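**Q** Sequence:
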Amino acid sequence: MASSTPTTYLLPRDRFEATRLSSQHLLWQLHTGYLLHPDIPLKEGMTIADIGTGTGIWALELSPHLPRNAQVGGYDIASTHFPASEYWPAHMRFDHLDSLSEAIPDPLVGHFDVVHLRMWAFVIRDNDPSALIRHAERLR
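The sequence shown maps to residues 1 to 140 in my numbering.
Keep in mind that the hints were calculated from the coordinates and are not lab data.
Note that the structure is predicted; figures quoted are calculated from it, not measured.
Hints may contain errors.
Restricting the straight-line Cα-Cα distance to at most 20 Å, the calculated cross-link-like pairs of lysine to any residue (SDA-like) are [stated by the list, open to error]:
no., residue 1, residue 2
1, K43, N69
2, K43, E86
3, K43, R20
4, K43, R13
Across the chosen pairs, the derived CB separations fall in these ranges [unchecked claim]:
no., residue 1, residue 2, range
5, N69, D14, 17 to 23 Å
6, L11, V109, 25 to 31 Å
7, N69, R134, 25 to 31 Å
8, N69, D126, 39 to 45 Å
9, R134, R93, 30 to 36 Å
10, R68, L11, 21 to 27 Å
11, P12, H91, 18 to 24 Å
Cβ atoms here follow ideal geometry from the backbone N, Cα and C, with glycine treated the same way.
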């Protein structure tokens with residue numbers, strides 16, 4: 001999958017960033033009161049993409065609440081913060097994907113029922129989210 005370049009993500013990829021991402025997730029969840037919006041029905045065989053997954057905390061916390069045969073993919077431009085593969089639930093995977101790029105591997109195009117993204121304001125280029133929106137739409 002697409003690899004990141006030094007200019008793609010401006011924050012460091014260290015333990016402090018991982019802590020910041022996890023803290024941000026906790027605050028977001030405390031504020032909203034849910035992981036997946038309650039209007040999104042859980043259904044057998046559903047597929048979910050978490051783009052800009054970072055540490056994967058959202059996907060990992062959502063996992064036990066999904067039907068057993070649901071599939072979750074966590075995607076990010078760098079694998080630095082992905083959890084070790086031995087901690088991934090059987091129906092989950094993490095992989096590289098630059099969500100600001102036009103390039104999407106064919107198996108991912110049109111594959112997902114739900115595309116989750118949040119906290120992208122800092123990395124949106126030129127205050128124009130259209131590339132990210134197009135990318136997310138192509139995954140659905």
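**Q** Where does the structure disagree with the numbered hints, that is, which hint numbers, in rising order?
**A** 2, 3, 4, 5, 9, 10, 11
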